[in-house]
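**Q** Listed below are the residues making up each chain.
There are 2 protein chains.
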Amino acid sequence: MKYYIGIDIGGMSIKAGVTTKEGKILATDTFVTEQNGDPAVMVKNMFELCEKITAKAGLSKDDIAGIGIGSPGTINSAEGVVVYANNIKMDNVPLVPMLKKYWDTEIKIDNDANCAALGEATFGCGKEVSSSLFVTLGTGVGTGLILDGKIWSGNSGAGGEGGHIALVHGGEHCTCGEDGCWEAYASATALIRDTKRAMEKHPDSLMHKVAAEMGKVNGRTCFEAAKLGDKAGREVMEKYVEYVGAGIVSIITFIRPDMVMVGGGISNEGDYFIDMVQAYCDAHNYGAGHNPPIPVRRALLKNDAGILGAAALVM
Amino acid sequence: MKYYIGIDIGGMSIKAGVTTKEGKILATDTFVTEQNGDPAVMVKNMFELCEKITAKAGLSKDDIAGIGIGSPGTINSAEGVVVYANNIKMDNVPLVPMLKKYWDTEIKIDNDANCAALGEATFGCGKEVSSSLFVTLGTGVGTGLILDGKIWSGNSGAGGEGGHIALVHGGEHCTCGEDGCWEAYASATALIRDTKRAMEKHPDSLMHKVAAEMGKVNGRTCFEAAKLGDKAGREVMEKYVEYVGAGIVSIITFIRPDMVMVGGGISNEGDYFIDMVQAYCDAHNYGAGHNPPIPVRRALLKNDAGILGAAALVM
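Same order as they appear, the protein sequences are chains A and B.
Counting with my numbering, you get residues 1 to 315 for the letters of the first sequence.
Counting with my numbering, you get residues 1 to 315 for the letters of the second sequence.
Incorrect hints may appear among the rest.
[What the hints assert, rightly or not] With a straight-line cut-off of 16 Å between C-alpha atoms, the simulated EDC-like cross-links for lysine to aspartate or glutamate are:
hint, chain 1, residue 1, chain 2, residue 2
1, A, LYS150, B, GLU48
2, B, LYS2, B, GLU106
3, A, LYS201, A, ASP148
4, B, LYS101, B, GLU48
5, B, LYS150, A, GLU235
6, A, LYS239, A, ASP194
Hints listed in this document are in silico derivations from the structure and should not be mistaken for laboratory results.
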């Protein structure tokens with residue numbers, strides 16, 4: 001029986017896990033990412049992390065069939081190079097060839113959001129379908145596209161940036177520099193902005209009470225107020241569902257994956273939220289009368305998606 | 001040496017051609033499509049058309065390796081069924097099994113826009129790349145997506161409707177029933193609407209003179225006026241280029257095909273127009289500083305794209 005290692009490089013730490021072919025994680029460990037650190041040191045640390053978890057799982061190096069890596073930034077997966085990653089300061093770092101000098105096995109690398117999508121598609125809510133879209137609703141809107149079981153990242157590996165498709169061309173300003181991206185309407189950041197605007201306009205709204213109790217305005221404020229029967233809160237929530245849904249509908253209209261998987265902080269609102277998004281998509285799906293609806297599901301794997309997706313790169 | 005037949009089903013006529021593997025058309029012929037006609041009669045006519053062009057090309061049935069069909073509507077290509085086609089009134093017609101009763105060879109079918117995209121990608125301006133987007137700017141905005149040399153049409157074969165991705169969510173009304181689709185801004189129909197609005201607002205614009213000379217307002221009016229130095233005409237043209245470009249940028253951001261191929265009536269404005277679209281895309285491409293630009297090219301095959309793409313289905 002063969003085992004796999006998945007490495008999830010984050011801005012704060014590097015996590016790795018040994019997994020079975022069925023996606024069971026046998027052992028994990030982590031080390032702190034050094035900002036602006038020497039890539040050579042980071043690779044040595046990664047190798048030692050891999051050795052450590054292999055031993056922890058009671059295995060030897062021969063039991064490991066391959067190592068997959070998920071990294072932030074633009075990745076050239078054919079060459080195994082991190083072309084550019086802003087938050088861990090890597091610039092043309094040949095991560096795969098460097099790690100191969102320590103451990104000569106099959107090693108692959110892809111973008112971290114793509115790996116999370118592959119993990120969710122392979123072992124999470126998308127495991128019954130062959131093509132799926134993973135959408136993360138957090139600080140930004142991240143997407144990963146799985147077509148026929150494989151990550152689609154397009155020319156130069158630089159695609160999959162679904163958060164920056166147009167939703168309202170010329171509308172709200174986006175962090176990317178353009179105006180009107182989906183992310184500028186459907187991220188938690190956008191939701192908080194819209195919540196604050198509505199609170200200013202409606203001094204009587206229960207959103208003020210909810211925010212005071214939570215200590216701040218956050219992505220949950222409008223949902224909680226809506227549940228208490230607050231009209232202004234409900235309006236913010238419904239508009240947000242519309243924004244999330246309209247972006248998903250755009251992608252369904254063009255790509256029609258078999259399933260849409262929703263993760264990230266906002267997905268913690270649970271089925272209550274997911275069901276509203278599903279209803280929006282079903283009503284506005286192009287050719288809604290003729291074409292079957294595309295299921296929208298809440299992602300299941302949470303923080304394990306990155307490790308499992310990275311491991312799935314070499315399965 | 002083997003030859004292929006491509007059949008292009010249109011609202012007015014059915015065209016077919018015998019082609020080589022290199023995309024050279026050796027013989028073609030056509031018959032008039034009967035509206036609301038009996039599908040059994042249509043299939044018999046299609047078979048006779050195939051026999052006729054095979055003889056015209058100086059070949060026998062044994063020389064034909066396969067027959068490809070491009071049909072309007074939603075197609076179940078796995079089963080060879082036209083699920084629904086509005087303009088030739090077909091409803092669950094098993095076209096491939098029906099034609100196989102006359103000619104027992106490899107027969108495949110796909111949507112006509114997808115076939116045109118495959119034709120252009122295989123034998124036209126996209127032949128050097130493996131993934132491409134075909135955009136038709138005509139009465140509507142049609143798209144066809146080729147990924148790794150194959151048509152991508154997604155779940156139930158109902159994807160690829162890129163004309164109905166959001167451009168300005170909640171904006172101009174679209175024929176599909178939604179508001180703000182790309183088609184509602186980037187089709188020739190939308191351009192004519194915007195030209196007429198600008199003419200009303202600018203009674204002194206040279207667009208009035210151009211339209212009077214052409215006998216009507218059409219998709220060329222603003223381009224011609226702009227070339228004559230008309231400011232209002234230039235504004236309409238530049239806004240239209242922005243709309244076309246912004247939709248392409250959305251798709252590049254998410255899918256990043258290797259090339260975008262532009263066809264349809266408006267593409268006849270030629271390099272003057274295509275170069276402006278390219279410039280827009282290069283300036284607004286997500287990560288424009290880090291990622292190489294995606295080339296935008298004018299489609300080459302014109303009316304032959306359908307026959308060649310249908311034939312390419314069985315190559």
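**Q** Is it true that the CA of B:LYS101 sits at most 16 Å from the CA of B:GLU48?
**A** 13 Å, holds
**Q** Take a quick look at whether B:LYS150 and A:GLU235 sit within 16 Å of each other, Cα to Cα.
**A** With Cα atoms ~44 Å apart, B:LYS150 and A:GLU235 exceed 16 Å; violated.
**Q** With a cut-off of 16 Å on the C-alpha distance, tell me whether A:LYS201 and A:ASP148 pass.
**A** Measuring from Cα to Cα gives roughly 47 Å; hence the hint is violated.
**Q** Are the Cα atoms of B:LYS2 and B:GLU106 separated by 16 Å or less?
**A** Distance ~13 Å between B:LYS2 and B:GLU106 Cα, so the pair holds.
**Q** Assess, step by step, whether the Cα of A:LYS239 is no farther than 16 Å from the Cα of A:ASP194, and give holds or violated.
**A** Cα-Cα ~9 Å, so holds.
**Q** Would the pair A:LYS150 and B:GLU48 pass a check requiring their Cα atoms to be no farther apart than 16 Å?
**A** Outside the cut-off at roughly 43 Å; violated.
Consistency note: the structure conflicts with the earlier hints numbered 1, 3, 5.
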